[in-house]
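> Residue numbers (the UniProt record's numbering), protein chains in the order written: chain F, 1 to 257; chain Y, 1 to 75; chain Z, 1 to 361.
Because the hints were derived from the structure by calculation, they are not lab data.
None of these values were measured; they are calculated from a predicted model.
Treat each hint with caution, since some may be false.
[Claimed, not checked] If you anchor each label on the Cβ, the simulated ranges turn out as follows:
1) F/His82 with Z/Leu326: 34 to 42 Å
2) F/Asp98 with Z/Asn231: 30 to 38 Å
3) Y/Val9 with F/Gly182: 23 to 31 Å
4) F/Asp163 with Z/Ala210: 52 to 60 Å
5) F/Lys202 with Z/Asn231: 39 to 47 Å
[Stated by the list, open to error] From chain F, some residues computed to sit far from chain Z (all C-beta separations above 10 Å):
6) Asn8
7) Asn9
8) Glu28
9) Cys32
10) Gln78
11) Ala91
12) Ala116
13) Ala196
14) Lys215
15) Gln236
16) Leu251
17) Lys255
18) Asp256
From the three backbone atoms N, C-alpha and C, an ideal C-beta is built for every residue, glycine too.
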Amino acid sequence: MTATTEINNIISEENLVYKKTSVLLDNEMHYCPGCTHGVIHKVIAEVIEEMDIQDKTIGVSPVGCSVLAYNYLDIDWQQAAHGRAPALATATARLMPDKYVFTYQGDGDLASIGCAEIIHACNRGENIVVVFVNNAIYGMTGGQMAPTTLDGQVTATSPYGRDCGSTGAPMKISEMVSLLPGTRFVTRQSAETAGAVRKLKKAIRKGFENTREKKGLSFIEIVGTCSSGWKLSPTQSNEWMKENMFPYYPLGTLKDE
Amino acid sequence: MAKFKGAIVVDTEKCKGCGLCVVSCPTAVIELARGVNGKGYHYAHMANPDACIGCSSCGLVCPDTVITVYRAKAS
Amino acid sequence: MGDVRLMKGNEVIAEAAIRCGCDGYFGYPITPQSEIMETLMIRRPEEETGMVVLQAESEVAAINMVYGGASCGKKVMTSSSSPGISLKAEGITYLAGAELPALIVNIVRGGPGLGTIQPAQSDYFQAVKGGGHGDYKLIVLAPASVQEMNDFVDLGFELSFKYLNPAMILSDGVIGQMMEKVELADYKPRWTDEEIEKISGSWATNGKKAGSERNISTSLDLDSAKQEVFNHKLQAKYRAMEENDVRYEKFECDDAEYLFVAYGSSARICQKSVELAREKGIKVGLLRPITLFPYPTKQIQEMLGQVKGILSVEMSAGQMVEDVRLAVNGKVPVEHFGRYGGIIPTPEEVVEALEEKILGK
Numbered sequence: 001m002t003a004t005t006e007i008n009n010i011i012s013e014e015n016l017v018y019k020k021t022s023v024l025l026d027n028e029m030h031y032c033p034g035c036t037h038g039v040i041h042k043v044i045a046e047v048i049e050e051m052d053i054q055d056k057t058i059g060v061s062p063v064g065c066s067v068l069a070y071n072y073l074d075i076d077w078q079q080a081a082h083g084r085a086p087a088l089a090t091a092t093a094r095l096m097p098d099k100y101v102f103t104y105q106g107d108g109d110l111a112s113i114g115c116a117e118i119i120h121a122c123n124r125g126e127n128i129v130v131v132f133v134n135n136a137i138y139g140m141t142g143g144q145m146a147p148t149t150l151d152g153q154v155t156a157t158s159p160y161g162r163d164c165g166s167t168g169a170p171m172k173i174s175e176m177v178s179l180l181p182g183t184r185f186v187t188r189q190s191a192e193t194a195g196a197v198r199k200l201k202k203a204i205r206k207g208f209e210n211t212r213e214k215k216g217l218s219f220i221e222i223v224g225t226c227s228s229g230w231k232l233s234p235t236q237s238n239e240w241m242k243e244n245m246f247p248y249y250p251l252g253t254l255k256d257e
Numbered sequence: 001m002a003k004f005k006g007a008i009v010v011d012t013e014k015c016k017g018c019g020l021c022v023v024s025c026p027t028a029v030i031e032l033a034r035g036v037n038g039k040g041y042h043y044a045h046m047a048n049p050d051a052c053i054g055c056s057s058c059g060l061v062c063p064d065t066v067i068t069v070y071r072a073k074a075s
Numbered sequence: 001m002g003d004v005r006l007m008k009g010n011e012v013i014a015e016a017a018i019r020c021g022c023d024g025y026f027g028y029p030i031t032p033q034s035e036i037m038e039t040l041m042i043r044r045p046e047e048e049t050g051m052v053v054l055q056a057e058s059e060v061a062a063i064n065m066v067y068g069g070a071s072c073g074k075k076v077m078t079s080s081s082s083p084g085i086s087l088k089a090e091g092i093t094y095l096a097g098a099e100l101p102a103l104i105v106n107i108v109r110g111g112p113g114l115g116t117i118q119p120a121q122s123d124y125f126q127a128v129k130g131g132g133h134g135d136y137k138l139i140v141l142a143p144a145s146v147q148e149m150n151d152f153v154d155l156g157f158e159l160s161f162k163y164l165n166p167a168m169i170l171s172d173g174v175i176g177q178m179m180e181k182v183e184l185a186d187y188k189p190r191w192t193d194e195e196i197e198k199i200s201g202s203w204a205t206n207g208k209k210a211g212s213e214r215n216i217s218t219s220l221d222l223d224s225a226k227q228e229v230f231n232h233k234l235q236a237k238y239r240a241m242e243e244n245d246v247r248y249e250k251f252e253c254d255d256a257e258y259l260f261v262a263y264g265s266s267a268r269i270c271q272k273s274v275e276l277a278r279e280k281g282i283k284v285g286l287l288r289p290i291t292l293f294p295y296p297t298k299q300i301q302e303m304l305g306q307v308k309g310i311l312s313v314e315m316s317a318g319q320m321v322e323d324v325r326l327a328v329n330g331k332v333p334v335e336h337f338g339r340y341g342g343i344i345p346t347p348e349e350v351v352e353a354l355e356e357k358i359l360g361k
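From just these sequences and the hints, can you work out the full model?
So this is what it looks like as structure tokens:
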């Protein structure tokens with residue numbers, strides 16, 4: 001038997017172990033090669049499919065690279081003004097308590113301009129899932145400094161490296177929101193390895209299960225990469241993230257009540 | 001000898017050649033092609049198919065979800 | 001007669017919201033309109049009709065909660081006063097851009113800046129000409145009585161759902177704080193899920209139905225060609241409003257040789273000024289725009305054969321007068337009289353201004 005024949009024998013429906021979920025649309029993603037958003041979108045879509053909640057899930061997309069998230073998941077979406085996704089989700093979840101509502105926000109959107117909305121949504125314990133993608137930079141506008149940019153990190157608006165003396169220290173949002181009684185589940189995950197993606201999926205599933213059980217707000221931070229903003233290749237970005245981001249933004253669950 | 005024999009199918013036209021699958025593969029099956037797809041990306045492909053164990057690591061980390069994974073018991 | 005009560009304008013907004021089947025109110029305290037949310041909190045509509053009432057962390061959050069709720073096909077509203085409406089301007093243009101129905105109540109106070117807590121009409125431009133960015137219009141209703149505060153809540157929702165466009169009740173501290181007799185509307189039940197599906201199923205983001213397309217509530221289209229087509233659609237909608245939904249009232253206009261144009265509390269004052277002027281032998285009438293957008297341009301033009309001059313009376317430095325002048329297009333003199341900064345003009349002052357600015361010519 002030749003190698004090609006053997007492969008052709010393996011490639012058959014009964015041997016299928018991993019394929020694109022039907023909740024993910026066929027639209028080609030606009031994200032740069034290697035962008036973590038793609039992995040996170042996929043994981044959310046898989047959880048929605050596995051929990052069979054496609055008809056009950058409403059996503060709220062932010063302003064930033066993931067503004068067009070609604071092009072990729074086959075569910076109803078609301079597109080929010082910059083930073084305001086938690087306010088939209090608040091009303092949506094309160095007016096339709098049997099639905100699954102999640103916000104999808106980057107670090108500029110959530111930690112900078114939307115700081116008030118996220119803190120108060122967390123404090124009120126809105127019955128929603130917040131997916132917070134932290135890659136320490138503004139991607140869409142061209143790589144400017146974010147509240148989560150690391151000390152000394154070079155960005156378009158911190159060209160000599162972030163000076164925490166003048167701009168403040170990188171904000172640890174998960175730690176901040178875990179102090180609020182309204183949050184029930186606060187975790188920081190990543191998506192750079194198969195193991196990390198599996199853990200992330202468990203966390204997102206737990207978030208949606210919390211919604212089902214009306215437990216309140218689940219906050220899932222994902223430390224991700226921005227190879228265009230960081231000016232590194234996708235694989236180099238993962239290495240840079242492990243060396244620089246993980247020590248400051250340690251992975252793990254901060255709160256699970 | 002691995003207990004499982006695997007294979008992947010890459011949607012080469014949608015692949016952006018980021019290479020994350022290449023480094024995620026525990027058995028060094030995947031490489032980026034010398035040629036390019038319609039968008040000019042060096043797409044991923046099975047350079048060493050015999051080594052594939054169908055673990056799905058590549059599929060899991062692929063941001064563009066262009067990899068389908070198959071696995072059969074080794075004969 | 002139905003349920004007749006003596007109530008404050010602001011309290012009536014709350015009562016009318018509950019009775020018209022409103023699904024949600026999201027607000028933030030600011031004088032002189034805080035009684036709206038306070039009344040709702042006392043009434044506990046959650047228990048009575050299931051209406052959600054929430055005090056948001058800011059005006060910005062409140063209008064974005066309205067955006068979220070409106071996206072679900074629900075009848076949702078907010079209220080504020082001038083400085084708060086400035087903060088809501090972002091959300092309002094997003095509502096217009098996403099073609100969402102919602103009701104925004106503005107109990108105007110004097111500005112600019114923090115200004116004063118006393119009544120004014122200095123936010124006409126903000127309500128009618130924009131406020132937020134982009135080519136959009138609000139449906140703007142200007143009540144002149146507590147009864148109209150009641151009536152325009154239901155009407156505001158009706159028009160906003162008819163056109164899928166946010167509507168604003170542009171009132172002021174006079175009518176918000178004033179107590180008057182009001183006949184309250186009968187209770188209308190909140191829409192059921194089935195009714196929402198029928199009314200808004202083609203756009204409401206309340207869960208993708210099996211076998212049908214998902215709905216997306218957004219004001220974004222990065223394709224300029226599509227964005228231009230969308231803007232044409234908006235403009236066609238605004239023209240349809242001008243064609244079909246202009247509301248106004250005329251008072252003593254049949255034999256009028258002069259005309260006051262005034263809305264809201266200024267129109268109440270002008271009604272007395274008409275009486276006082278007629279006692280002096282000056283044949284003046286009053287045209288009261290009820291919708292400030294769409295504006296009664298044609299109705300003003302129809303008066304041009306009989307009137308020799310027009311005085312626009314507003315509690316502002318002269319904002320609506322620009323729309324009167326556009327309607328008149330130089331055919332007769334148009335002047336403005338206003339008090340501002342929270343000062344309310346007296347009927348006598350208005351007559352004096354008519355004599356000086358119009359008759360004196």
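> For every hint, state whether the structure bears it out.
Consistency of the hints with the structure:
no. : hint                               : in the structure
1   : F/His82 with Z/Leu326: 34 to 42 Å  : 35 Å, holds
2   : F/Asp98 with Z/Asn231: 30 to 38 Å  : 37 Å, holds
3   : Y/Val9 with F/Gly182: 23 to 31 Å   : 45 Å, violated
4   : F/Asp163 with Z/Ala210: 52 to 60 Å : 54 Å, holds
5   : F/Lys202 with Z/Asn231: 39 to 47 Å : 46 Å, holds
6   : Asn8                               : 35 Å, holds
7   : Asn9                               : 36 Å, holds
8   : Glu28                              : 15 Å, holds
9   : Cys32                              : 17 Å, holds
10  : Gln78                              : 4 Å, violated
11  : Ala91                              : 4 Å, violated
12  : Ala116                             : 6 Å, violated
13  : Ala196                             : 29 Å, holds
14  : Lys215                             : 19 Å, holds
15  : Gln236                             : 30 Å, holds
16  : Leu251                             : 30 Å, holds
17  : Lys255                             : 22 Å, holds
18  : Asp256                             : 26 Å, holds
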